[in-house]
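Participant: Take a look at the letters that make up each chain.
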Amino acid sequence: MTTISPNPAPAAAHAPAAPSHRTAALRTLLRNRLALAALAFLALVVICALFAPLIAPADPNAQNLLERLQPPAWQHGGSGAHLLGTDQLGRDLLSRVIYGTRVSLLVGTGAALLAGVIGTAAGLASGYFGGLPDRVLMRIADVQLAFPAILLALAVVGFLGSGLWYVILVLGVTGWVSYARVVRSEVLSLRSRDFITEARAIGVGDTTIMRRHLLPNVMAPLATIGTLHVAAAIVAEASLSYLGLGVPKETVTWGAMLADGQLYLGTSWWVAVFPGVALMLTSLAVNITGDALRDVADPKAYRR
Amino acid sequence: MSELLTLPAPGEDTERPAAPRREGLHILRMTAARLGTALLVLLCTATVAFFLVRLSGDPVKVLLPPDATADQEGVLRHSLGLDRPLLTQYLDYLWGIPRLDFGDSLFYNQPVRAVLADRIPATLLLAAGALVVTLVVALPAGTVAAMRRGRATDRTVMTGVLLGQSTPPFWIGILLILVFAVGLHALPASGYGTFAHLVLPAVTLAVYSVAVVARLLRSSLIDVLSADHIRTARAKGFGPVKVVLTHGLRNASLPVVTVVGLEVGSLLGGAILTEQVFSWPGVGQLTIEAISNRDFPLVQATVLLFAATFVVVNLLVDLSYSLLDPRVRTAR
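Going line by line, the protein sequences match chains A and B.
Each residue of the first sequence is one higher than the one before, starting from 13 at the first, in this note's numbering.
Each residue of the second sequence is one higher than the one before, starting from 4 at the first, in this note's numbering.
This is chain A alone, in the form it adopts within the complex (with noise of 0.2 Å):
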């Protein structure tokens, strides 16, 4: 894709770019400043998810039905004990949003992670070796792209249960396939350059050339895709807990409190829009680090 640099020694990637130095440094910094603004919002994410019980004002599943549906404070009928609000059984809308942060950002990583360490490793493989392991992992990606991973997320929940861990599992091993093809395409016009004819052939060991000739070389995508993908699992768990097929009922995630809430929208929109709103922000700033990241290990995309 867009990060073959023109020049094979993997050193000279990190060459800064020299001409238009100031402008493209005036560019980053401002293009930094939103990404340190996102990285600002990520932390307080994650101070949220940690230190729920501290934060948040009240215990987010405790019912109070005669102050069910009650607008934010700043409305009209709304009350400072509940400044976002009340759900429909009236629970404390700020604290479910504060103790949602940690179902989003533990499946977000978890899934991410694992998903990586496949995916990388199933993508040198194939495209260094080539042949039949490289058929045998295409042809497994393949199979697991055509299966609908929200139907796999259901199987896997009926036989083990619900939980979190599950879903954990689920898309961390249904999320390999991305980082595979990007690696394995990378490597594919990799191999045949120079510098890895020439390191084979003066007997550097397959792990070796893969290890510091290749992953170095596929890092730019790498950081790119794993990023993206915390955003994606998060809105993937979001997305089967909508469905009511994630986690258990009594953990509070923000796409259950959409699914609920969307049952109010004609009355009581705060109900759908306060999660909805922490789940786009928090992808969304997921999003932004990573494009930074990638400006800043991509000096092609760096420069533009």
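These are computed hints drawn from the structure, not numbers from a lab.
Every residue, glycine too, gets a C-beta built ideally from N, C-alpha and C.
Hints may be right or wrong, so weigh each one.
[Claimed, not checked] Straight line, CA to CA, 25 Å or less: simulated SDA-like cross-link-like pairs of lysine to any residue: (1) K261/A with D61/B; (2) K261/A with S282/B; (3) K261/A with L178/B; (4) K261/A with P83/A; (5) K64/B with P260/A; (6) K64/B with A41/B.
[Stated by the list, open to error] A short, non-exhaustive set of chain B residues, derived as facing chain A with CB atoms under 7 Å: (7) V44; (8) L165; (9) S169; (10) W174; (11) L181; (12) V182.
Please build the complex by placing chain B on the supplied structure of chain A, with the hints as guidance.
Facilitator: This is chain B only, laid out in the frame that chain A set:
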């Protein structure tokens, strides 16, 4: 046909010289190999679907009231054929697939084929609507962003792309309902039948693919536009639009086409969610219903349908890939 499906021995194809007169034969062989893979994928999917749905719960328990006796359960189990050996059920099921016989739906009490035929048009309509929105929005947006990179137009497009990629379809759907149905009363919030019903679901489903296609087209075009032959074309005095149209888009389309093939899976997932949000009576909604009803035959058939769609699209992608880039033909 059978000898065409035989794969070349491992390693045999890596160093093959690119003799032009053998190109046609090579493409034919590659097509045959891809068809074989496609069939294998379908067989694997059918098998996985068969065993997975049997792990996910007992349909007899769902179909009967909770106070049913063991005798009643046995009678129902027998009448559904679920008391036969698993292997018999499996072979029966496999034999039915080429004849498009997927058995009877446990929930609807009619052939699965009839239930599916009822729902497929709605999903096709939704997909067509989304495709139109995607092409109309993403192609110009990606091209313009690449041509005016770094400027306000580019930044606007890229902000939109970022938003589109970060926003789950069901949240977009809910927002659209909130604005256009609850707020403006301009379009219906759910239902099926008229053009007005199609607008919100089609836009909802398209948002993600618009973002993906526009983003890839832009970055791919930027790469292509910095290549030597483009500089030559510019030096020869071609205007920017002509350069992009004649030299840029074809070369830039390769990664876009590949990724669009890969994205079909997410699009199908997106369709399931979109149909759920808007109560759109298509295959996606049917799948969710079938899963929660433990309607084994119906789940198996919808999974196969999704897989077949994916396989066919990617078959086309692979073939177009080698047509678009001659290097792929000789490298593999």
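Participant: Going back to the hint list, which numbers does this structure go against?
Facilitator: 6 and 12
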